[in-house]
Each structure stands twice: as structure tokens, then as C-alpha cells.
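Asker: Below are the chains, spelled out letter by letter.
Protein chains: 2
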Amino acid sequence: MRGSVSPANSRCSIARSLQVVGEKWALLIVRDVQRGHTRFSTLRARLEVAPDVLADRLAKLVELGVLERRGYRTPGERERAEYHLTAAGTDLLPVLAALAAWGDAHVPSGFGPAAIFTDAATGDPVELAFVRADGSRLGLGDVAVVRGPGALEAAPVAP
Amino acid sequence: MRGSVSPANSRCSIARSLQVVGEKWALLIVRDVQRGHTRFSTLRARLEVAPDVLADRLAKLVELGVLERRGYRTPGERERAEYHLTAAGTDLLPVLAALAAWGDAHVPSGFGPAAIFTDAATGDPVELAFVRADGSRLGLGDVAVVRGPGALEAAPVAP
Chain A
10 MRGSVSPANS RCSIARSLQV VGEKWALLIV RDVQRGHTRF STLRARLEVA
60 PDVLADRLAK LVELGVLERR GYRTPGERER AEYHLTAAGT DLLPVLAALA
110 AWGDAHVPSG FGPAAIFTDA ATGDPVELAF VRADGSRLGL GDVAVVRGPG
160 ALEAAPVAP
Chain Z
10 MRGSVSPANS RCSIARSLQV VGEKWALLIV RDVQRGHTRF STLRARLEVA
60 PDVLADRLAK LVELGVLERR GYRTPGERER AEYHLTAAGT DLLPVLAALA
110 AWGDAHVPSG FGPAAIFTDA ATGDPVELAF VRADGSRLGL GDVAVVRGPG
160 ALEAAPVAP
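Line by line, the protein sequences give chains A and Z. Under this note's numbering, the first residue of the first sequence carries the number 10, and numbering increases by one thereafter. Under this note's numbering, the first residue of the second sequence carries the number 10, and numbering increases by one thereafter.
Chain A extracted, bound-state conformation:
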């Protein structure tokens, strides 16, 4: 998965992230593990994915540090694997929330949101938003993207 970014893209954190999770199954696996579906058999049934594809993606996500593999044993059976999010995996929550918000807005199912992100303490819905250092929110039209120190060219990003 890694190593196939062009030199011009190797400095871009978006490109590097997509090398890790820019594949449909990877983020759907992270979504399901985040929701507590940690076992191979459960993931396979929920995702309706071929077992070899699922095994491959799980191994890559472990190798990349997004998931951690733990053994468990039901009495009388062989040891099986379950998967848990690492800190890096947990940090993908904003990516999932951004995709969920975009999907609800632009490719709605017609049934309303399938997942709602809430304040765990109160159950009230929360939103993903751009915020200034003082905590105030910005609309998307007020956000600009400029080149940082890691950019290969020094000029501003905008045309």
C-alpha cells in the first residue's frame, strides 16, 4: 500500500493518508471496528466481503498501525483473532464523520443518517466544523488552504 505515491505527492499528508486508508474496505473496516464489531466472522458478514480480501485488508491495517490484532479463545475451540483500533485508528473518527456528513448531504439514502455523532456525556448531536483558535466556527467558504513547510513548492496553493 505504501510507496506508490509520486515524489510530488510524498510531502502531501492527504496523499500519504490515502496510501493507508484510501481504499473502500479499509475505512469500512475501521468504521465497523469502531462500532465494536471486532471479530473476523462478524466483519465478514457485515461487510459482505470475500474472506481473502478481508484477511488482506486486516493484515495491512495491522501492519500500518491502524488496527491491533488480539487473540481470544472460546472454550473447546482454537484461538481466533479480534481487532481493535490503535490510537492512530481512533484518530480516524473525524475522517469517518466528514465522510458521513458529506454522504448525508450529497448521496442521501432517503432514510436519514445511519449514524449520528453525539456528545457521549449528554447524547446531544455534535458536528465536525472548522474552528479558529478562539473556538469560533468558520463556514467552508471562509477557509483557505495555503502551502506549509512540507510543500515542495513555496508559492501559495490558491490560483
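Incorrect hints may appear among the rest.
Per the computed footprint, the stretches of chain Z lying under chain A, defined by three or more beta-carbons under 8 Å from a beta-carbon of chain A, are [unchecked claim]: (1) 95-108; (2) 126-132; (3) 136-149.
Bear in mind the hints are in silico, worked out from the structure with no lab data behind them. Here the structure is a predicted model, which is why all the values come from computation and not from measurement. Glycine included, each C-beta is placed from N, C-alpha and C at the ideal position.
The hints should help you fit chain Z onto chain A, whose structure is shown.
Answerer: Showing chain Z alone in chain A's frame:
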């Protein structure tokens, strides 16, 4: 790209979003167009992608309503195409910002962020964060995900 989600996933906005943009090139194209690189030749050079792959992805993004194709003509040459973000394309900015923040934290290039999201009015950096209705921010550990009306099962998402 559409139509390959299982029934269990068709209600999930994350899964539906990934049907549209869950492929590495699609989001890198959106990233570059967002930065003002609107022409086929420029995108091809920047992304180092095979022309047939780029043409295919651009056509799909137009068909899916993320990009809009516009003709332009340099005097004495044939008409060529440039691509602009639709409203749905512009709304992908939080997805890009979430991927950028994750990449900077978990797969850093060693050179610092390549792109910095800023307040267009002041140039000050801004962050993508979960916020409550009253505008206060939550840490990732304070966010829960619960099933919404579009979920196929009515039980809470968490185990």
C-alpha cells in the same frame, strides 16, 4: 462506482460516500482542483497518473456531480476541458482536512504539513474539530456514534 454496496451498507452514508470518493485518485483530483489546478495536462503532470486513468476518474467525478467540465479555447487551438468543483465537490473540504490532519499526525513526511487550512480573512490556522450546538469543542474521546433513523438495525451502535 455506484451500486456495489451491499444492502446492509446502502443506508450508511460513509459507505455511500466511499462509493463516490473512496478511491485514491478521486480525492487527489479533488484536492488539486480545489487548489486551482483545473486542466487535464496540469492534473496529469501533478498526479503522475496514466492519462486513461485520469480521464476515467474525471468522467466519473463529473457524472457523480463532484466536478463540472467546462470548455476553454486557446486562440488557434482546439477546445480543451477544465474542471471545477461543484457545491458537492467544495463540500469535500472537511474530508481533505481530516485526512491531512491524520496524515500529519500518523504518517508525517518529516518536513511538516504540506497544506495548512487557514481563516481566509486573517491567514490564521484553523482546525477541524467536533463541536456542540453551543460552539464548545469536544475531544475525540468524548464523541459517541449512535444509530440514526437510516440505520437498518435500531439498537445502539456501540457494543
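Asker: Each hint: holds or not?
Answerer: How the hints compare with the structure:
Coverage of the region 95-108 of chain Z by chain A holds [criterion: at least 3 residues with CB-CB distance below 8 Å; count 11]. Proximity of the region 126-132 of chain Z to chain A, defined as three or more residues with a beta carbon under 8 Å from a beta carbon of that chain, is established by the 6 residues found. With 12 residues carrying a beta carbon less than 8 Å from a beta carbon of chain A, the region 136-149 of chain Z meets the three-residue requirement, and the given coverage holds.
Against the hints set out earlier in the document, no violation occurs for any number.
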